[in-house]
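Q: Here's the letter readout for the chains.
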Amino acid sequence: MTGKLHILKSLKDGIRYDGRKLLDYRKISVEPNATSAEGSARVKIGKTEVMVGVKLAVEVPYPDTPEEGKLMVNTELRPMANPEFEMGPPGEKAIDIARIVDRGLRESKAIAPEKLCITAGEKVWSVMIDIVPLNDAGNLLDAAAIGALVALKNTRFPVIKEDGNIDWEAPLTDKKLELVKEPIEVTILKIGEFYIVDPILEEEELADTSITIAVSKDGLVYAMQKRGETPLSVDEIDKMVDIAIKKSAELRKLVG
Amino acid sequence: MKRTDGRTPEQMRPIKAEVGVIPNADGSAMFQAGNTIAYAAVYGPRELYPRFMQDPKKGVLRCVYNMMPFSGHGDRVRPGGSRRSKEISAVTESALSPVLDLSDYPNTVVDVFIELTQTDGGTRCAGITAAAMALADAGLKMKDLVSAMSMGMLDGEMVADINGTEDCVLGATDVPIAFIPTMDKISLLQLDGEISKEQLKKLLETGKQKCLEIYKVQQEALKKKYKVD
Amino acid sequence: MIKLIPLTGVYIPRVNDKIICKVIDVLMTGWRMDTRSPYSAVLSMKDATSDFIQRGADLTQFFALGDYVLTKVVNVTSQKLVDISMKGPGLRKLRGGRIIKVNPHKVPRVIGKEGSMVVMIKQATGCNVLVGQNGLIWIDGTPEAEVVAEQAILKINAEAHLPGLTDRIKEFLDKSGLKPAAPAAQKKAPEKEIKKKTIQGGKK
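Residue numbers (numbering that gives the first Met the number 0), protein chains in the order written: chain A, 0 to 255; chain B, 0 to 228; chain C, 0 to 203.
Interface residues of chain A toward chain C, partial, derived using beta-carbon atoms under 8 Å:
id, residue
1, H5
2, K8
3, S9
4, D12
What follows is a set of in silico ranges between Cβ atoms, one per label pair, in the way DEER data are often shown:
id, chain 1, residue 1, chain 2, residue 2, range
5, A, G255, B, G80, 32 to 40 Å
6, A, L7, C, M119, 28 to 36 Å
7, A, P62, B, G73, 23 to 31 Å
8, B, T3, A, E113, 37 to 45 Å
9, A, E66, B, G80, 30 to 38 Å
10, C, T28, B, T181, 49 to 57 Å
11, B, F51, C, M27, 23 to 31 Å
12, B, F51, A, G18, 41 to 49 Å
If we take Cβ atoms under 8 Å as the criterion, some of the chain B residues that face chain A in the derived model are:
id, residue
13, Y38
14, M67
15, P68
16, S70
17, P78
18, F112
19, E114
20, V168
Just so you know, the hints here were simulated from the structure itself, not pulled from any lab data. Note that beta-carbon positions come from the ideal geometry of N, C-alpha and C, so glycine has one too.
Could you build all of it, start to finish, from the sequences and the hints given here?
A: Next comes the structure, spelled out in structure tokens:
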């Protein structure tokens, strides 16, 4: 793929490198309970494949929130998924994905933190979401966000023994983690004057800027994150929010 | 003796293999034994940095074994290498290198990344089994595949393909082995526990037979992708 | 096991192969290129052009980082150090268009017997198509036509081992609904200054 000029020529004709229309997603498949963890999902968007797992632990609450549980989102970009990924602690890209997924869940209060309380001041549930791509063919963000949501929706609590520790040998209980809100995240990229969703790797490299927007069922915006050095006008941002709201409704149908 | 999952002592768990599961990689495969699932991705031969690690006579094999944070049977696995994963990476390299001929690729590296999405005993063996298929999928010259499985001793009796509960909770003697069929040689051998010389010999002979069953499944998975006549 | 080897595997540079390379470094007296193999290649100034290049000239005017070029392999040492050259018919910097990757072992199928397959794709799509022995392929045409050509080539890459390939590709091209555009753009000269000169010297 040689250069910005070439892709702009293509976008002007209304098609992308793989023949899609500008606002089309590739084929998406969502598999809940893809592993035996407390909660999990496997999401495929085109050739991109991401696994998300939810692990639960019993921990001491933070001193300033004695009746609230904890939420943590982590992304592991392993070299298996893309030869550009290096081993070692999470870099900029991994942290970006983790934080935007975290923000969407936290700001929407998708999980009511009080519902995670076991004994006030002593024991709370800690929800740990780990996002691990198996193959990066672009748009890890949206795949990760869908995966996190589906994994959470299918998370079941383990049995707690009398001593307060988790009984890992017993099967999981039927008690599911309740989600109060279900934010759907959509990432929109701007290349020249054109807006696209669901980028492949080459498009991610050529984008001038992008925004990830988390949207509620009712079209409210929970969280946003702009990336890239090119600034945007208010009108442009407005257009991108419109696209996010429209596309999130389509993605929501897949989440069930 | 009835085992925790209802198997007879010499019965293996259901196994499944698939090749070409990671499009970005030069070669890839998935191997599943019961509830243990391993993915392997091969990148290479490719340029090797740092330079001092290069071998002017042949390519170098480099394996990395990792468990995904949510893959554990119990608590979350903290990301980042551990001493255990470094050890497993090293024995995985030793298990696979006898079948590879990298003399056509001086100064390069063949990277093998093994990731466990679910663990329930026999993880290093599942990783080696998947890696062997992934190396073949990458088109590397191989003398044969490598097939691996954890044999064990439980309550004085020999068992095949031990699971996580038998290994960690019931204290079985764990003997992971990797077998190269056409050479009739074993390239991975470890033991944790207690065993007599005679029991060990019998266990290894049985283990070879069990590995041959895995070998058949590996070949089928490779044939399926390439439809060789 | 031995049967699987010829179907896939990495490209190893061979003398006289025409390959598409990407510039990854600009050196004092030449450029380092990615050959899509484990061994990068060096294009020295003297093999890049017959023109005289002044000492200390800015080499990025000729080939800059990220540029793709069609080159020929002229030397491979036992340690796999590779020299390439731009001197030869058709060898040049590739402007515009897109680059796609196929398995190097499938290149003969993409080209076809005496070029029949690639010619069929060019005629059906109106695209210019150059196939490198290293499995990199350059396609240049209208956006829609490029998508069809790319899909046809990727189809060959995926299905080369199945019988009836030529007919299936022909059927795919026929169904694509493309009306071949005007004949592909003329071959451009190997030097960089042409475009600039045209703009400066052109008449209104």
